[in-house]
Amino acid sequence: MDFSYSEEQQMLKESVGRFVRQQYDFDTRNRIAASETGYSEENWKLFAELGWLTVPFGEEDGGFGGSAVDLMVMMEEFGKAMLLEPFLPSVVLAGRLLAALGDARRKAELLPALMAGNLQLACAWAESGSRYNLANVRLSARGEGGNVILSGVKVNVLNGPNADKLLVTARESGAVTGREGLSVFLVDRDAPGVDVRAYANMDACRAAKISFNEVTVPESARLGKPGGVYDALERVFDHATAAVCAQAVGALDSLLRKTVEYSKTRKQFGVHIGSFQALQHRMADMFIECQLARSITVMAAMQLDSEAPWQSRSAAVSAAKSRLGRAIRRVGQEAVQIHGGIGMTDELDVSHLFRQVTGLELLFGDADYHTARFARLQNAG
Amino acid sequence: MNADFSPEDAAFRDEVREFLQNEFPAAYRDKVDAGIRLSKDEIVHWQKILHEKGWAAPNWPVEHGGTGWSPTQKHIFAMEMGLTGAPEPVPFGMKMVAPVLMAYGSGEQQQRFLPDILQSNVWWCQGYSEPNSGSDLASLKTSAVRDGDHYIVNGAKTWNTYGQYADWIFCLVRTDTTVKKQEGISFLLIDMHSPGVSHKPIVLLDGHSEVNEIFFDEVRVPVENLIGEENKGWTYAKVLLTHERTNIALVPRSTRRLRALRRAAASLDDGQGGSMLENPVFSHRLAELEIELKALEYAELRTLASLSVGKSPGPESSILKIVGTELAQRIDEMFLELGAYHSLPYLPEQFDEGFQGTNLEPGGLAGQGLVYLNDRKLSIFGGSNEVQRNIICKAVLGL
Ligand SMILES: Cc1cc2nc3c(=O)[nH]c(=O)nc-3n(C[C@H](O)[C@H](O)[C@H](O)COP(=O)(O)OP(=O)(O)OC[C@H]3O[C@@H](n4cnc5c(N)ncnc54)[C@H](O)[C@@H]3O)c2cc1C
Ligand SMILES: Cc1cc2nc3c(=O)[nH]c(=O)nc-3n(C[C@H](O)[C@H](O)[C@H](O)COP(=O)(O)OP(=O)(O)OC[C@H]3O[C@@H](n4cnc5c(N)ncnc54)[C@H](O)[C@@H]3O)c2cc1C
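Chains A and B are the protein sequences, given in the same order. Note that my numbering has the first sequence beginning at 2, numbered continuously upward. Note that my numbering has the second sequence beginning at 4, numbered continuously upward.
Derived by calculation from the structure, the hints in this document are not laboratory data. Backbone N, C-alpha and C define an ideal beta-carbon position, used for all residues, glycine too. Where hints are given, some of them may not hold.
What the hints assert, rightly or not - Here are the computed distance ranges between Cβ atoms for each label pair: (1) Val206(B) / Leu51(A): 29 to 37 Å; (2) Glu352(B) / Asp28(A): 17 to 25 Å; (3) Ser141(A) / Gln24(B): 41 to 49 Å; (4) His48(B) / Arg258(A): 42 to 50 Å.
Unchecked claim - No farther apart than 30 Å at their CA atoms in a straight line, the calculated lysine-lysine pairs in the DSS-like style are these: (5) Lys56(B) / Lys34(B); (6) Lys397(B) / Lys268(A); (7) Lys183(B) / Lys268(A); (8) Lys265(A) / Lys397(B); (9) Lys144(B) / Lys268(A); (10) Lys241(B) / Lys397(B); (11) Lys144(B) / Lys265(A); (12) Lys184(B) / Lys265(A).
As the list claims (entries may be wrong) - Covered stretches of chain B, going by a simulated chain A footprint (3 or more residues, C-beta under 8 Å): (13) 344 to 352; (14) 370 to 381.
Whenever a hint applies, use it, and build me the whole structure from the sequences.
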């Protein structure tokens, strides 16, 4: 048993940590959030130079061949500083899906550009009635004279407004919630019939509701086996979900640290509020939550890197996301409460962290969804 | 024991229901249903409709234009208003400063201020909290120094809800620094348009600025704006805090929101082929909240019953504040979960007056994420829930 970071992981942690500490303070982040694209192109280029954009890709694709633990190390640091750059949606999610499904020609065309910071991707999977079920897809793909016509609406397309290309899940056949019959298509964000309504999410990251109004793409835009991508999709999302857990662990740590610090400086009734046992015990509980959140996230990442059957790897990820959901509630709400009124203000980073973790709580499935998924996988095992 | 309404009370309920059905403007109802804030003008308009009917001030005595209703009737009225979604009057004038004026103000002060409050001609805000005096309110520092016929006020208040709309502010100010902190506080009414008063909005979690900082720089306030005696302000404020505790349990609002939650859950996919209401985990937790609401409602009715036999509500009202606000927050959490990805967009402007676009989310869910964020305030303001628990420990349990 060994829970220590490898030398490489230690270096990665230090390099990402140094960047967020030195170049990503709260004011800088606010400026970036208010900019037109909502992320910094300059930072993105820097990430590419530092090789961070290659981490999730296999060596055969020209990547660093990073493990789930490597990714965890990075995401935790990103979470601490509420990073806005679209590393998760463009690289971890859409990039990996492209790597998993694309043929050699397609990958050679796009992955190097992605890793060099010259291409932005987004994955369009969620729909109005799908909740967190990846198989629940109504957006239809029908063949017509050698082309495919896509019709339907996707919601919560992370990085949608900034993406050059979209990876869109579509139903070619089967029932609305069926795993069979799902395909993924690569669509230009500017293609005729693609209607993007851009907005910012609670975490200040950009997202879009995207309507596909009879969008015509060639057969070659299909990535992977026609109607047979579900398993690959689920695995990519499992990796992304573990990454989100790590991001939340970082953000929760920031919330805990800031709350404890504040309780040692804020005075009421002539004493520091941190001297009230009513608050002390709750901060002790926040600390416990952070520790459990971290432990179960490590467990999920290690399982993902193992040779265990996919079913148990998926169960590990769901266990982590479920537990994180509870930790986020507790730590997030307590952080605001213990700060009092000031914790509710836009002026303080605590409110931004609270919004960020609330977003992460729902992303890729809330605690109820993942508890149910965990139970299903356990029962089937 | 008897929890039934008398025939008269039942008839009264029907009358209120019918009135609200006919007179609460449909356009406002639609806005409330969609989670859009009513503007100041709209709230005033609605207040004036109530005033016309003689129902603007249910809690005031008849001689000042109140209704003379029994506690049960007040409860019925608040419940029906809440179920309709009709806004209560902004509390600062009607529920906070008016009772102080009635109890401790001079006849002149009552004549000067009460009619305009009753008719919603003048908006008030509450100036208690300061940056360094939150839970420890009595430590407040904003000073008022006597200078002939005036007080000269200097200092800063904060968290003033709707301070940006207010014509007047009632303040706790320090008039004596040499005595125990509670004994040097006075209750002063200040015209917000006086020279030297300025305000700065504070943006909160949900992107809106419903609260403000208010600054006083050498503000001259006529001594006739002092309520009661100098240095007795803390007593006046405290008496009020224990008396003016109507509807702190938020029962009408929570009833309305739980019904809406049930309706919304029935109409939304669970993603697996059923509705969210059919989802066993979701419906189980919804039921738990409905049960909690029942317990709360009866706790409130019991408090009400003791009021109607002349007892003043003791520190038990802390129970209503704690349970009521925490239940409201749990309902918000369920809405957040129900919305799933639809809860994530952060579009405060979508709920502003005059927003022209279409809402992003499906019916009823637009903005529930923002409500979840904003309602974190419920356990912080009005005496934080920690302070309320301290009150129970000290005043009820004798700890
Ligand atoms: C089944 C069992 C086995 C045990 N085995 C052993 C043993 O093998 N060896 C041994 O030496 N002892 C043993 N103990 C004793 C045990 O260590 C004591 O019960 C324990 O230290 C608590 O002391 P107390 O029972 O006197 O309760 P008290 O100390 O009187 O505490 C009463 C309550 O007050 C709380 N409290 C006390 N101080 C504070 C504080 N500062 N802040 C907040 N809350 C506080 C406590 O948590 C508790 O809820 C055992 C006890 C039990 C029940
Ligand atoms: C949205 C909003 C609207 C408001 N509107 C108004 C208004 O219109 N007018 C007005 O005057 N004020 C208003 N307030 C202020 C409100 O009353 C204060 O925020 C509240 O009293 C808490 O004070 P604080 O924010 O300074 O927190 P603090 O007093 O600094 O408290 C910080 C934390 O410490 C806890 N704490 C403090 N003392 C103790 C103790 N003895 N034991 C255990 N825990 C303790 C608190 O519960 C809290 O969790 C509003 C606040 C908000 C958020």
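Under the constraints set out in the numbered hints, which ones does this structure not fulfil? none
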